[in-house]
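Mind docking chain Z with the ligands on chain H? Use the hints.
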Amino acid sequence: MAFEAPKESFSGVVYPVTIGKDVQETFGGENTLPFHKFEGEVPNRPLIALEIQDVAPEDWPETVRRVYADVSDDPVKWAQYCQDELKARAIALRLIGTHPDNKDLSADDAVKVVKDVLGAVKVPLIILGSNHVEKDSEVLPKVAEAAKGYNCIIGKAQEANYKTIAAAAMANEHKLIAMSELDINLSKQLNILLTQMGFDKEKIITDPMCSALGYGLEYTYSVMERIRLAALAQNDEVMQPPMLGDVGMYVWKIKETQAGEDILPEWGSLEERAILWEAMTASSLMLSGAELIIMRHPRAVELVEKFVDELM
Amino acid sequence: MALSGVEIFKLLPKTNCKKCGFPTCLAFAMKLAQRQTTLDKCPDVSEEAKKILGEASAPPIRPITFGSGDKAVKMGEETVLFRHEKKFVNPNAFVLEIKDTEDDSAIEAKIDDVLTSEINRVGQLLRVDGICITNESGDVAKFQALAEKVASKAPEVPVIVATENPDAAEAALKHFSGKGAILYGVTEGNADKMVEIAKANKATVGAKADGLEALSALTEKIKSLGVEDIVIDSGARKASEILEHNTYIRRAAIKKNFKPLGYPVITFAQRDDSMFEALVAGLGVCKYSSIVVLSSAEKWKNLALFTLRQNIYTDPQVPMQVEQKIYKIGDPTPESPLLITTNFSLTYFIVSGEIENSKVPAWLAVMDCEGLSVLTAWAAGKFTGSKIANFIKESGIENEIKHRELIIPGYVAILSGAIEEKLEGWKVTVGPREANGLPAFLRSRAA
Ligand code: B12
Ligand code: SF4
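Line order of the protein sequences matches chains H and Z.
The first sequence: position 126 = 126 (the working numbering), numbered continuously.
Count along the second sequence starting at 1, add 312, and that's the number in the working numbering.
Okay, chain H solo, but in the shape it has when bound (with noise of 0.2 Å):
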């Protein structure tokens, strides 16, 4: 019996999403599965963001808090950082502070550091809300606004606020993050719901909610799965856009990127243990087909960067 590479190719294509003003960087655009190079084209490298914040990161665990220690309590220093010494491709704003439990920082707050961002650095920005579905709809459209012409991602859009934050998006000529809760029919009613009120589908960027690895990681991986067999197998056009892992927020809050070894020493070494926590849930949803990661340690954004050119 002679062997015949059983090759598989498909109709549906993921689209490309290019990002930045005087830097640009494009993810996406593959008509395969994750890296399958093989048996179809993978024109983009996933993209790579590193993470900061509006306010100091005082709840990130030390090992990585320490990276940025010198930087970090200013957003415009921090940015700086991360595109000149770190070499990031791209840089995720979260502006946790508007968090009403946080500093319950105002719109006018989050516009003013978005600015002094976007002036500060030329690689390609994503600016993230604090997750509270009230305060996003009110800070998320004037930081679009003020980010007008600086083609960036805005995020995140969920089920209960799409409607205003996708509008100002599509007024200011933004990418959208797309955010559902690791459910592929929920992810794809979103996605029309965003089609249906004239946001152009191939500016939506997926997320289906990330995970940690050991703290979920398997529903996030089959949910993207399913979700680029969709595009891919089926030429589902809702399901095309490409995905976002939004990793270091899960990983840096679970006790296997805390807890000394002092207190468990059957886990190891802290410092590696932590960095390749990260690194290894980016490299995993990758594989299962995140184009789009906001990670927050240089070592393991590193590691993952090296693992793609391997893969490419």
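Think of the hints as simulated: they come from the structure by calculation, not from any bench.
Ideal placement from N, C-alpha and C gives every residue a C-beta, glycine not left out.
Don't take each hint at face value.
As the list claims (entries may be wrong) - Computed cross-link-like contacts, DSSO-like style, restricted to lysine-lysine with a CA-CA straight-line distance of at most 30 Å: (1) H:K188 with Z:K398; (2) H:K7 with Z:K550; (3) Z:K640 with H:K255; (4) H:K306 with Z:K571; (5) Z:K640 with H:K253; (6) H:K37 with Z:K399; (7) Z:K694 with H:K255; (8) Z:K611 with H:K306; (9) H:K87 with Z:K550; (10) Z:K411 with H:K37; (11) H:K255 with Z:K671; (12) Z:K571 with H:K253; (13) Z:K571 with H:K7; (14) H:K37 with Z:K694; (15) H:K7 with Z:K567; (16) H:K37 with Z:K398; (17) H:K253 with Z:K399; (18) Z:K550 with H:K37.
Said to hold, decoys possible - Just the calculated beta-carbon pair ranges, DEER-fashion: (19) Z:E397 with H:G198: 32 to 40 Å; (20) Z:I709 with H:S106: 43 to 51 Å; (21) Z:G501 with H:F38: 25 to 33 Å; (22) Z:Y723 with H:S106: 25 to 33 Å; (23) Z:A725 with H:E181: 16 to 24 Å; (24) H:K253 with Z:K739: 24 to 32 Å.
Said to hold, decoys possible - Taking beta-carbon pairs under 8 Å as the criterion, some of the chain Z residues facing chain H (in silico): (25) F321; (26) F334; (27) H396; (28) L620.
Here is chain Z with the ligands on its own, set in the frame of chain H:
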């Protein structure tokens, strides 16, 4: 391709004699097609039908047992390409490579790493499953010495003997005779001798070729030499090749029933940078490797890899869950605190672990929420005030404790009113949100 029920029916005696335990030959055929019974139940089936059906009903990826005894690992038998279709069957083995060029202390440290690698995560005992000894030196005596050392220090650990030299193979493999070892390094050039050595020691053959065509030809040859227990290596080492070859192998076996590649895959993930090696190993876990060979087994790396394997190989339909009951943590007295959580394994093990850390003995009420986490169960309406109240009343805990205080997870603080309303005479206290806040919380109350 697997045969349909009707196709199988045509090959049966069609006498409806019922000796198989089914009312008709057709009913039996249908069950066979669904793999819910086996052909040997029909005593009258012809030899010819047996041959055709035997081949068609064999699992597309051959089951192989690596090692023997308690530490044996089952491999193969996979049936799908994506885990959402059906549970992946046999979790891959992680194997630590030891080269015969390494010095004694390094060798002993590695054997020790394997022997002490066991970690309990979410109720499962996970470990580095085996050792791969490699004849890096090319020297037969050195290789044999390494084999001897591994066999005496880690007699129960499954072993891969890696060499392409039949003399070295013979010298080393005899130390693992009859123990389900794998003789890796069987190539086109040495197959005749190596297969004989494997047979003499009841070992599985590790076939190594350059590319999938050559590999298919090689497994056919090995089969013709009388061995069918094979694990396969296409020579893929770069991540892109591992993904390509493993995908083709899995697809060919499952979708095309292509027998020459219907064997468990062995992947060599070794890299200089151990953290990077972990990512390559993770590719093997996600994408169809049955054995992943590593160059080091640090505890932090093991934990990440074991966790990934556990995630990928869980049943996508049924979350891992624990029994509904009141668990005793430490040695609780009638005065000890009572906490409540859901029966999702992960939740239970995190919460009970943190209560243990606190050293404060406690009662932990674990409520059946179909294996959902606290917030998921709450959002799904399975962890509500009235359900919690009923559970507490029916659990009998009121006879065990003197106080009437229930500590609930911080994330569901909103439930406290509803519970107090339904549970007369009880006081609800809102605990911390994250379980890692429990030790401080419990200790400060105990003080
Ligand atoms: C994986 C997941 C799922 C899986 C289910 C996994 C499972 N077995 O439970 C699936 C995909 C099925 C799912 C479904 C849904 N989900 Co869901 N899901 C998650 C996710 C990503 C992780 C949950 C998890 O495993 N957590 C880990 C465990 C260990 O956490 P835990 O049980 O809460 O325990 C922690 C604490 O509560 C505390 N703790 C636990 N017990 C106790 C006890 C005491 C006394 C104390 C003090 C502390 C304590 O300690 C633990 C660790 O710190 C979360 C988001 C997230 N990242 O948290 C959403 C999340 C829980 N899901 C959510 C929702 C809304 C749903 C759905 C209703 C929506 C949908 N998609 O249809 C459905 C409902 C399910 C159903 N059957 O109808 C929401 C809940 C919203 C809310 N704030 O209430 C969340 C928070 C997502 C979000 N919006 O951000 N989900
Ligand atoms: S034992 Fe064989 S012949 Fe008899 S009913 Fe069953 S399948 Fe038919």
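We went through each hint and held it up to the structure:
no.: 1; hint: H:K188 with Z:K398; result: 22 Å, holds
no.: 2; hint: H:K7 with Z:K550; result: 20 Å, holds
no.: 3; hint: Z:K640 with H:K255; result: 23 Å, holds
no.: 4; hint: H:K306 with Z:K571; result: 35 Å, violated
no.: 5; hint: Z:K640 with H:K253; result: 28 Å, holds
no.: 6; hint: H:K37 with Z:K399; result: 27 Å, holds
no.: 7; hint: Z:K694 with H:K255; result: 26 Å, holds
no.: 8; hint: Z:K611 with H:K306; result: 23 Å, holds
no.: 9; hint: H:K87 with Z:K550; result: 26 Å, holds
no.: 10; hint: Z:K411 with H:K37; result: 34 Å, violated
no.: 11; hint: H:K255 with Z:K671; result: 18 Å, holds
no.: 12; hint: Z:K571 with H:K253; result: 46 Å, violated
no.: 13; hint: Z:K571 with H:K7; result: 17 Å, holds
no.: 14; hint: H:K37 with Z:K694; result: 45 Å, violated
no.: 15; hint: H:K7 with Z:K567; result: 11 Å, holds
no.: 16; hint: H:K37 with Z:K398; result: 26 Å, holds
no.: 17; hint: H:K253 with Z:K399; result: 29 Å, holds
no.: 18; hint: Z:K550 with H:K37; result: 14 Å, holds
no.: 19; hint: Z:E397 with H:G198: 32 to 40 Å; result: 36 Å, holds
no.: 20; hint: Z:I709 with H:S106: 43 to 51 Å; result: 48 Å, holds
no.: 21; hint: Z:G501 with H:F38: 25 to 33 Å; result: 28 Å, holds
no.: 22; hint: Z:Y723 with H:S106: 25 to 33 Å; result: 27 Å, holds
no.: 23; hint: Z:A725 with H:E181: 16 to 24 Å; result: 21 Å, holds
no.: 24; hint: H:K253 with Z:K739: 24 to 32 Å; result: 30 Å, holds
no.: 25; hint: F321; result: 27 Å, violated
no.: 26; hint: F334; result: 34 Å, violated
no.: 27; hint: H396; result: 4 Å, holds
no.: 28; hint: L620; result: 6 Å, holds
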